[in-house]
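Asker: Take the given structure of chain V and dock chain L to it, following the hints.
Residue numbers (the working numbering), protein chains in the order written: chain V, 59 to 408; chain L, 59 to 408.
Where hints are given, some of them may not hold.
[Claimed, not checked] Quick list of in silico lysine-lysine cross-link-like pairs, DSSO-like style, CA-CA up to 30 Å:
#1 L/K108 - L/K255
#2 L/K106 - V/K106
#3 V/K108 - L/K289
#4 V/K88 - L/K108
#5 L/K164 - V/K251
#6 L/K255 - L/K330
#7 L/K363 - L/K289
#8 L/K222 - V/K108
#9 L/K106 - V/K289
#10 V/K284 - L/K255
#11 V/K277 - L/K66
#12 L/K272 - L/K222
#13 V/K108 - L/K272
#14 L/K106 - V/K108
#15 V/K289 - L/K108
#16 L/K289 - L/K277
#17 V/K272 - V/K289
#18 V/K222 - V/K272
#19 V/K255 - V/K329
#20 V/K222 - V/K277
#21 V/K255 - V/K222
#22 L/K284 - V/K108
#23 V/K106 - L/K164
#24 V/K106 - L/K329
#25 L/K255 - V/K88
#26 L/K272 - L/K66
#27 V/K284 - L/K106
#28 L/K88 - L/K108
#29 V/K164 - L/K164
#30 V/K106 - L/K289
#31 V/K277 - V/K106
#32 L/K284 - V/K106
#33 V/K272 - V/K251
#34 V/K277 - V/K289
#35 L/K255 - L/K284
#36 L/K164 - L/K66
#37 L/K164 - V/K108
#38 L/K251 - V/K164
#39 V/K277 - L/K106
#40 L/K88 - V/K106
None of these hints come from the bench; they were simulated from the model.
Since we're looking at a predicted model, the values are computed, not measured.
Here is how the chains run, residue by residue.
There are 2 protein chains.
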Amino acid sequence: MTDTIRTKTELSELGEFGLIRRLTENIVLKNDSSLKGVGDDCAVLDFKNKKILVTTDLLTEGVHFNLMYVPLRHLGYKAVTVNLSDVYAMNATPRQITVSIAVSAKMSVEALDELYSGIYMACERYGVDLIGGDTTSSLTGLTISVTAIGEADECDIVYRNGAKNTDLLCVTGDLGGAFMGLQLLERENEVFKVNPKMIPQFTGYDYILERQLKPEARKDIPPLFKELGIKPTSMIDISDGLSSEILHLCTQSNVGCRLYEERLHYDNQTKKMAAELNINPLVAALNGGEDYELLFTIPVSDNDKILNHPDITIIGYITDESEGVNLMTAGAGQLIPLQAQGWNPLKKNI
Amino acid sequence: MTDTIRTKTELSELGEFGLIRRLTENIVLKNDSSLKGVGDDCAVLDFKNKKILVTTDLLTEGVHFNLMYVPLRHLGYKAVTVNLSDVYAMNATPRQITVSIAVSAKMSVEALDELYSGIYMACERYGVDLIGGDTTSSLTGLTISVTAIGEADECDIVYRNGAKNTDLLCVTGDLGGAFMGLQLLERENEVFKVNPKMIPQFTGYDYILERQLKPEARKDIPPLFKELGIKPTSMIDISDGLSSEILHLCTQSNVGCRLYEERLHYDNQTKKMAAELNINPLVAALNGGEDYELLFTIPVSDNDKILNHPDITIIGYITDESEGVNLMTAGAGQLIPLQAQGWNPLKKNI
Chain V
59 MTDTIRTKTE LSELGEFGLI RRLTENIVLK NDSSLKGVGD DCAVLDFKNK
109 KILVTTDLLT EGVHFNLMYV PLRHLGYKAV TVNLSDVYAM NATPRQITVS
159 IAVSAKMSVE ALDELYSGIY MACERYGVDL IGGDTTSSLT GLTISVTAIG
209 EADECDIVYR NGAKNTDLLC VTGDLGGAFM GLQLLERENE VFKVNPKMIP
259 QFTGYDYILE RQLKPEARKD IPPLFKELGI KPTSMIDISD GLSSEILHLC
309 TQSNVGCRLY EERLHYDNQT KKMAAELNIN PLVAALNGGE DYELLFTIPV
359 SDNDKILNHP DITIIGYITD ESEGVNLMTA GAGQLIPLQA QGWNPLKKNI
Chain L
59 MTDTIRTKTE LSELGEFGLI RRLTENIVLK NDSSLKGVGD DCAVLDFKNK
109 KILVTTDLLT EGVHFNLMYV PLRHLGYKAV TVNLSDVYAM NATPRQITVS
159 IAVSAKMSVE ALDELYSGIY MACERYGVDL IGGDTTSSLT GLTISVTAIG
209 EADECDIVYR NGAKNTDLLC VTGDLGGAFM GLQLLERENE VFKVNPKMIP
259 QFTGYDYILE RQLKPEARKD IPPLFKELGI KPTSMIDISD GLSSEILHLC
309 TQSNVGCRLY EERLHYDNQT KKMAAELNIN PLVAALNGGE DYELLFTIPV
359 SDNDKILNHP DITIIGYITD ESEGVNLMTA GAGQLIPLQA QGWNPLKKNI
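Just chain V, same shape as in the assembly:
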């Protein structure tokens, strides 16, 4: 039995400063641009002649994550990668993050260690420095706020507003997996709530679970663009769902778009889970969100550079604004206007 006993230290034993020290004492700054990290009123950075990219996300318990089935280590990892994804979506390199948390005093120090082990794992994998944050309490659940800071040469930065008529619409990786992973987790959680002795059935679904619980940001794509000699005309990461992101690109670029259902690529596990739950994987791709793949447009003249690249799929093309934003369905080949039915956090808790 002894090996299963886990220490549980109350946060009040450490106090705010003790906790901050514990959570940050092993930080070693990796980037030249990180002059001064945790420990003063501000962090100090130096990007020389580079431009600076800033993005931020706020995650709240019960809305963005459910601690019933999200391990804290994965949550920490994901809180970082979803922010880094926004930096890669500008064709830039993330360098620093700040992490602020508000925790219930009921949470143990060891639980926070778990959360931070995931945060540091992401810092390690993506080469970013944790340079600051705030540690405080909440009357209720856990809240995590992450700000990511990156750098890029001005000429490399890709915005959302540069898509042009006839450009190819491309996406990295496969879609819908994170959403199907979430459906699986929620199903097993419901089963568990009815009968806590039931063992969750996750076999064969490791990929979609990881897509949901521990998503990676497409760190490999900006250097791949360099290698291929491509600069996208517009780019965005897929956090809310393909529909919503395509509409963002089109609205900001004043263009229309035609998306082809038959070009969308799903992992086998996504398809299998979708069949099991009687969900059309198209719905998962369009409206599910959290895939953290990159959606971008390139001039049609760059077609050959990406053709047959295993990580990139051409899923449609940009049209004149007057043609609207439409999905060409597989099979019957109907043209259906795309709607942003992406995740609306403000509707979730009514």
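Answerer: This is chain L only, laid out in the frame that chain V set:
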């Protein structure tokens, strides 16, 4: 009666993107360093040859503020100024902020307009640009996360760790006011809970109420240092209370300190409220916090430069580390070791 009817729009009517548009549509970027603000995956900044300062704070309902008596407009204002205070505490100039909020769906759009009117008021007064953020929901109360970004020439930046033996310990403004303002608000709130028909008694206490509800950051101090030809050897802003901040400076600088009770300056309203509530104003100054004044050290040779300056008081001096950090009391003149009894958010909600 008609003029008292207030519109109440549900957040779900606008949705996330509609709400973001409403809250950000009037932004005009003021700083040359703000190349791109709200509306893409990241904001884009350019600080040329300046160093970049980053600081962040997370405020949660019930811990940092009580919406029973804190007007939303003031809360928005304060959420910004407390962050800017950290930038001034590095002797730097804030240029941008990001603001993320998690709100209960019960909150109305008009209430958020109020919150943002305070945020924009602070942006206006301090010349900073709102360049990004995240808008989401929480299952319970309101959470606000603000990150401030500033700039400075490397040679101007003041850290916490440069205080030297014999340096003068100085503070701007007066102390303890914010804490006494909070005591007053809490007292009147208790009275109100017992009898909602009672009219709160705030007459004659406008200054300490404003210190608590709508604190200002010491924007004037970095340029004053330039004007006086001073560069502090160390500096910190007073958010947790004078004791805690002095201990930060001394610990990080490896020095001791002697603080003189009789040198501490209180506003008349602070003294009057303290007398009424039978609280020693010294306790408010040492442990109350939220004064957002600047605490700094200067070489004794700079004494003449600040002597008799109405905004700066010399409250003690730096000693060798071996002498410890002590308060010399007024009257009897006892030497008492200072302890950090500042605000501990992690103990508050046990």
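Asker: Hints first: check each against the structure and report whether it holds.
Answerer: Hints versus structure:
{"no.": "1", "hint": "L/K108 - L/K255", "result": "56 Å, violated"}
{"no.": "2", "hint": "L/K106 - V/K106", "result": "6 Å, holds"}
{"no.": "3", "hint": "V/K108 - L/K289", "result": "29 Å, holds"}
{"no.": "4", "hint": "V/K88 - L/K108", "result": "21 Å, holds"}
{"no.": "5", "hint": "L/K164 - V/K251", "result": "28 Å, holds"}
{"no.": "6", "hint": "L/K255 - L/K330", "result": "26 Å, holds"}
{"no.": "7", "hint": "L/K363 - L/K289", "result": "11 Å, holds"}
{"no.": "8", "hint": "L/K222 - V/K108", "result": "36 Å, violated"}
{"no.": "9", "hint": "L/K106 - V/K289", "result": "24 Å, holds"}
{"no.": "10", "hint": "V/K284 - L/K255", "result": "69 Å, violated"}
{"no.": "11", "hint": "V/K277 - L/K66", "result": "44 Å, violated"}
{"no.": "12", "hint": "L/K272 - L/K222", "result": "34 Å, violated"}
{"no.": "13", "hint": "V/K108 - L/K272", "result": "37 Å, violated"}
{"no.": "14", "hint": "L/K106 - V/K108", "result": "8 Å, holds"}
{"no.": "15", "hint": "V/K289 - L/K108", "result": "29 Å, holds"}
{"no.": "16", "hint": "L/K289 - L/K277", "result": "16 Å, holds"}
{"no.": "17", "hint": "V/K272 - V/K289", "result": "28 Å, holds"}
{"no.": "18", "hint": "V/K222 - V/K272", "result": "34 Å, violated"}
{"no.": "19", "hint": "V/K255 - V/K329", "result": "29 Å, holds"}
{"no.": "20", "hint": "V/K222 - V/K277", "result": "25 Å, holds"}
{"no.": "21", "hint": "V/K255 - V/K222", "result": "56 Å, violated"}
{"no.": "22", "hint": "L/K284 - V/K108", "result": "28 Å, holds"}
{"no.": "23", "hint": "V/K106 - L/K164", "result": "46 Å, violated"}
{"no.": "24", "hint": "V/K106 - L/K329", "result": "49 Å, violated"}
{"no.": "25", "hint": "L/K255 - V/K88", "result": "60 Å, violated"}
{"no.": "26", "hint": "L/K272 - L/K66", "result": "25 Å, holds"}
{"no.": "27", "hint": "V/K284 - L/K106", "result": "24 Å, holds"}
{"no.": "28", "hint": "L/K88 - L/K108", "result": "18 Å, holds"}
{"no.": "29", "hint": "V/K164 - L/K164", "result": "26 Å, holds"}
{"no.": "30", "hint": "V/K106 - L/K289", "result": "24 Å, holds"}
{"no.": "31", "hint": "V/K277 - V/K106", "result": "22 Å, holds"}
{"no.": "32", "hint": "L/K284 - V/K106", "result": "24 Å, holds"}
{"no.": "33", "hint": "V/K272 - V/K251", "result": "24 Å, holds"}
{"no.": "34", "hint": "V/K277 - V/K289", "result": "16 Å, holds"}
{"no.": "35", "hint": "L/K255 - L/K284", "result": "52 Å, violated"}
{"no.": "36", "hint": "L/K164 - L/K66", "result": "11 Å, holds"}
{"no.": "37", "hint": "L/K164 - V/K108", "result": "43 Å, violated"}
{"no.": "38", "hint": "L/K251 - V/K164", "result": "28 Å, holds"}
{"no.": "39", "hint": "V/K277 - L/K106", "result": "26 Å, holds"}
{"no.": "40", "hint": "L/K88 - V/K106", "result": "22 Å, holds"}
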